[in-house]
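Generate coordinates for the entire structure from the input sequences, incorporating the hints supplied.
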Amino acid sequence: MKIKDKTVVQNLGFCAFGGASNFAHVDVLDGRIARIRPLHYDDHYTPEDLNAWEFNVRGSTFKPGFKSLIPPLSLAYKRRAYSPNRVPYPLKRVDWDPNGERNTQNRGISGYERISWDEAAAIIAAELVRIHDTYGNRAILVQGEGHGETKIISGPHGCQSRLLDLIGPETDEYTVQARQPDSWEGWYWGAKHVWGSESHGQQNPQTNVVWDIAKNSDALLFWGADPETTPMGWGGFQPSRICFWLTEIGVRQIHIAPDVNYTNAVHADRWIPVLPNTDAAFQLAIAYVWMTEDLYDKDYVATHVEGFDWFEYYVLGHEDGVPKTPEWAAEKCGIPSYRIKAFARYWGTHLVSISHCNGGGYIRSCYSHEPARLEAYLLGMQGLGKPGVSQLKWIEWGIQGIYPVPTSEINPIFYASYKGWMMHPGKYFIPKTMTPQAILGIDNDESISWYGHVICSMNKEDQFLGFEYPGDGPRLHMIWSDTPCWETCWNGGTIYQDAVRHPSIEFYVVQHQWMENDTLMADIILPICTIFELQDIAADPYNGQWIMVAYEEQAIEPVGEAKGDFAAVCEVARALEKYGGIYEGLYEKYTRGLTFDDDVRIAYEHAEIPLDEYPLEKFIDQKYLLFPTPENWEDLTVGFNDFYRDPEANPLKTPTGKLEFYSTNLAHYFPDDKIRGPVAHWIEEGDGHQERISSDRAQDYPYLLVSNHPRWRVHAQHDDIQWLREIKTCKVRGADGYQYEPIWIHPDDAALHGLEDGDVAELFNERGRVLGGIIVTERIMPGVLYQDHGARTDILEFGVGGLDRGGANNLICPTKTSSKNAAGEVTNGFLVGIRKADLKELAARYPEAWNRDYDPHAGLVARARIVDNTRKEA
Amino acid sequence: MTKAFLIDLSHCNGCYNCQIVCKDEHCEADWRPYAAPQPLTGQFWMRVDEKTRGQVPWVRVAYRPTLCAHCADAPCIAAAAAAGKPEAVYRREDGLVIFDPASDGDEELAKALVESCPLGAVFFNDELKLAQKCTGCAHLLDNGWSVPRCVDACAHDAIQFREEEEFGALLSKAEVLSEVAGFGPKVYYLHLPKRFVAGTAVDFAADEVVIGATVELVSTGAGGAGGAAGAGGAAGALIATQETDELGDFKFDQVPADEYTLIIKAEGYSPLKVAADLREIDLSVGDVGLTKD
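In the order they appear, the protein sequences are chains A and B. Heads up, the first sequence is in my numbering, so the first residue is 48 and it goes up one at a time. Heads up, the second sequence is in my numbering, so the first residue is 403 and it goes up one at a time.
I should point out that these hints are in silico values taken from the structure, not numbers from a laboratory. Be aware that one or more of the hints could be misleading.
[What the hints assert, rightly or not] Here are the computed lysine-lysine pairs in the BS3-like style, where the Cα-Cα straight-line distance is at most 30 Å:
(1) 694/B with 653/B
(2) 513/B with 653/B
(3) 775/A with 596/B
(4) 653/B with 775/A
(5) 433/A with 345/A
(6) 531/B with 775/A
(7) 110/A with 721/A
(8) 474/A with 863/A
(9) 531/B with 513/B
(10) 110/A with 575/B
(11) 51/A with 114/A
(12) 775/A with 513/B
(13) 433/A with 110/A
(14) 53/A with 114/A
(15) 775/A with 453/B
(16) 474/A with 625/A
(17) 636/A with 139/A
(18) 653/B with 262/A
(19) 114/A with 575/B
(20) 863/A with 721/A
(21) 513/B with 453/B
(22) 575/B with 653/B
(23) 721/A with 867/A
(24) 531/B with 51/A
(25) 665/A with 114/A
(26) 531/B with 49/A
(27) 883/A with 453/B
(28) 531/B with 575/B
[Unchecked claim] For the chain B half of the interface with chain A, some residues (derived, Cβ under 10 Å), not all of them:
(29) 414
(30) 452
(31) 504
(32) 648
[To be verified] Rough simulated footprint, nothing fancy, chain B against chain A, three-plus residues with beta-carbon under 8 Å:
(33) 71-85
(34) 315-326
(35) 387-393
(36) 493-499
(37) 771-778
The model shown is predicted, which means the values in this text are computed figures rather than measured ones. Cβ coordinates follow ideal geometry from the N, Cα and C atoms, glycine included.
Rendered as structure tokens:
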């Protein structure tokens, strides 16, 4: 029996930006993907070959392992290639006429007709020329900065930016939607100013921190962290293995969050439920106990901390007359004061580290810079950098000096042949958090202003630069996106809908694999290949076992008329050539005449790989290479230990070189900022946010919503995979047969609202309404609701106040940024109400949506939106 | 030589990889004569059962990969024989029980096979009128693979597949599922969940947790007479004792499903008794108030 025809290696990681992960063997049989399975490194390597690292701690050994630890998101990924929601061929919105009525108000409503690649490319080219000649290319917004499949040569996100670079008077003559520090907001806008860690803001360096915690820590706190979930998209299950090992060797795992996340569910020794985004109150009360009971490292504070007295003055109540006692905090955060005291004393007398993934409730909520800074303060009060006292990051190992487990001296990146947008501070940009306001400002001739380039790779000093839009440039009139998930991933998708349906946006082109989310509002849609349909190369720094690279052969032929992102932009380049002038020879300029083999060679030879030991031929022949652990990994300094030992000789990257409890930079640059002041505070309300249960708004919207990074998706990715959707925490099938995004509600609250398992309910606030399927569960504390973010939109009513059937709760997130001088997103821990939905009434009100073609197992389908699928000859 | 599965639930992280790769292998894939294509959705030859245990703030989720137990004395084999189709289900030399996909079209047989399995591990394929289930990925084992897909995909080696005798002493600690205990199942489990009860001792008047309180778990149930399901002692028997920790917490884990009383004693406080009925559920007794003598 033949069980396969061929096997290829592919990275099935979903970070994009060239950071690959989740290497898999893909078996192909009869032209279709037969199976996706882990790589077994012992096909080519022994532990001796790789100088395999080992932690020998407390009588137990932990090793990196010899197969790839890939997650369900990767193992089920062939269903995305064969999804009924694939964009089958180029499409044009039927009532968008570039030479007549554009009917922008019908974006999301009107259907699509099939067009040829030639026609699609010609239309895009004509629009580009028109926009260029009418407004200049700064009127084009490039959305090329989102997560997705991880590609280098075949088409990462942002290929369109490289084309636009060639047709402006100079490069960067277009407007970029900034690649925000979107899952690190509080660290980026807050903690950086305490400990200087660049650039994402979580503790950096992380070197050998896992080993240190295993050896020295009594407890590890998971403060909203879910290492069973968040690293799945780019890293896999090494964090999961470490959690099991920490249990085995007796490191106590304490979870602090409103919900029992998927790590808490299997690893926690203790759960301390806390109301969403009230962590700052809890943290202040811990500091209060330490200050009043002499439970912190005074010697360390004296030598390592700048401005402790300012913090003490505030905590003890001298500043505002309110001591930040456990009783004060209990009312705000929902943790009883006796437990706050006991926990503070435990922490004050044990070696405790804290761990995070990206996201986690408080880091994406309003004023997220405050709890982030307070966490750095608390670690500082207990001697940050001391053995056993660190902040551990569970994800993105291998970039920016984040090496909590041993790495390799060879850590290649393939950017020499990267075809996407380079994460750089462009000349013209808007924060992604302000895209709707930028567009809608045209009505009242309003400009917007902000601080910083708002790009995750920027250092903290960048946050002191002021910017505005539109300044002396044109307003936006066109959007070219390969990142069509603003609605379901950002801060207030309903207002984004209002923005992109505004007449000033004359042309909206999306290139994407699936008919999902923002794609459904585009005027032209280009069908894009999944990674299975392309050949590429990949470098994985993330998996926590081995640094590795892969030569990725094409697994299957393109599905439908799909092309790679790069090839799609090539079509536009060709179509532009007929306009001559600046467009002359554009295709050749864009491709630089390079073949795939050329690109592989260039990337490989510029990746700092020792070519004598690892020649290109070996890479291509063996399909993947692993690189060895350094000889001296055990000698490398743990985290901040150098600073701990001698802060004068090893200063932090802060102005004073110390842990700045009083931020000298913030005091200097933003002396009047009461929300993000020099010293972190509890902020009740302000800067446009009223998201506390004490707020007036809570009368109407009494619940705080937890909207985590999703368990069964990477943000907006994967929502059509049938095998995930039949897992009961992934979707809830309503009485109408539709698979709804789950809402977790505590039994006490469910009883109040008459809600039962399987009911469909509506989450609402003044920004809009989203539906969900009820799961009554003890996994969420009373007073709090939970719904993962990133569900596919299925819009019943567009715009602010609208209604979504898909459960994309980002649609109703706050639209204001973290605070007025911090342009971060606020997408977690916000107020909503809940009520049971009347499915019959909804079906009667929205018959078109209810009767739309729908796959009972995969959900939304592309064919439902295509009203004319006939192939027209040119 | 008989193959067996050993599933260590203490290393199951609930990722569903095993359930997913089973589908990846079999859905819409034709591996006859081992197995006909499985429908794209709805069948779970490897099924992760999931149960939330306890109440706020003591909550855990139990995950249990459940599959055909490839019983030595399989009820499905008996059912096929009873239906006059003994050839429809057979045991391989390696012990894997296989449903012959050539028996498609016989709806009556198929439904009898579905009903014969106490684990619900057999599924009806409506299109083919065929009963289907785990094959142990026999088509792969016969073509160079040493383990089935579910074993290969587990990041934690929580599912193992070997010759039964190779497991050695591990099997002495293992259990089988009660539903198939009488049929000689070849799927064994380590760390099947029992019950827990947890809480925190608090002096509400002082607004402090009580650290170092003695907590006794006393059997009070009918099962306490020492039956198989009981706590192993007579009613009133002391099952276990703990001291509350630095957070005032206590937690008795992996105790039999039974009725208990918690007796909490601390110096200077009146002893407190709290009933804990663990027959059906795991229990958080919450923050329990102690009062001064």
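The hints, checked one at a time:
no., hint, verdict
1, 694/B with 653/B, "23 Å, holds"
2, 513/B with 653/B, "45 Å, violated"
3, 775/A with 596/B, "23 Å, holds"
4, 653/B with 775/A, "28 Å, holds"
5, 433/A with 345/A, "14 Å, holds"
6, 531/B with 775/A, "27 Å, holds"
7, 110/A with 721/A, "49 Å, violated"
8, 474/A with 863/A, "24 Å, holds"
9, 531/B with 513/B, "9 Å, holds"
10, 110/A with 575/B, "26 Å, holds"
11, 51/A with 114/A, "20 Å, holds"
12, 775/A with 513/B, "26 Å, holds"
13, 433/A with 110/A, "25 Å, holds"
14, 53/A with 114/A, "20 Å, holds"
15, 775/A with 453/B, "11 Å, holds"
16, 474/A with 625/A, "29 Å, holds"
17, 636/A with 139/A, "28 Å, holds"
18, 653/B with 262/A, "25 Å, holds"
19, 114/A with 575/B, "28 Å, holds"
20, 863/A with 721/A, "16 Å, holds"
21, 513/B with 453/B, "28 Å, holds"
22, 575/B with 653/B, "23 Å, holds"
23, 721/A with 867/A, "10 Å, holds"
24, 531/B with 51/A, "27 Å, holds"
25, 665/A with 114/A, "20 Å, holds"
26, 531/B with 49/A, "26 Å, holds"
27, 883/A with 453/B, "25 Å, holds"
28, 531/B with 575/B, "40 Å, violated"
29, 414, "7 Å, holds"
30, 452, "7 Å, holds"
31, 504, "15 Å, violated"
32, 648, "5 Å, holds"
33, 71-85, "holds (count 5)"
34, 315-326, "holds (count 5)"
35, 387-393, "holds (count 5)"
36, 493-499, "violated (count 0)"
37, 771-778, "holds (count 5)"
Taken one by one, the earlier hints fail for this structure at numbers 2, 7, 28, 31, 36, listed in ascending order.
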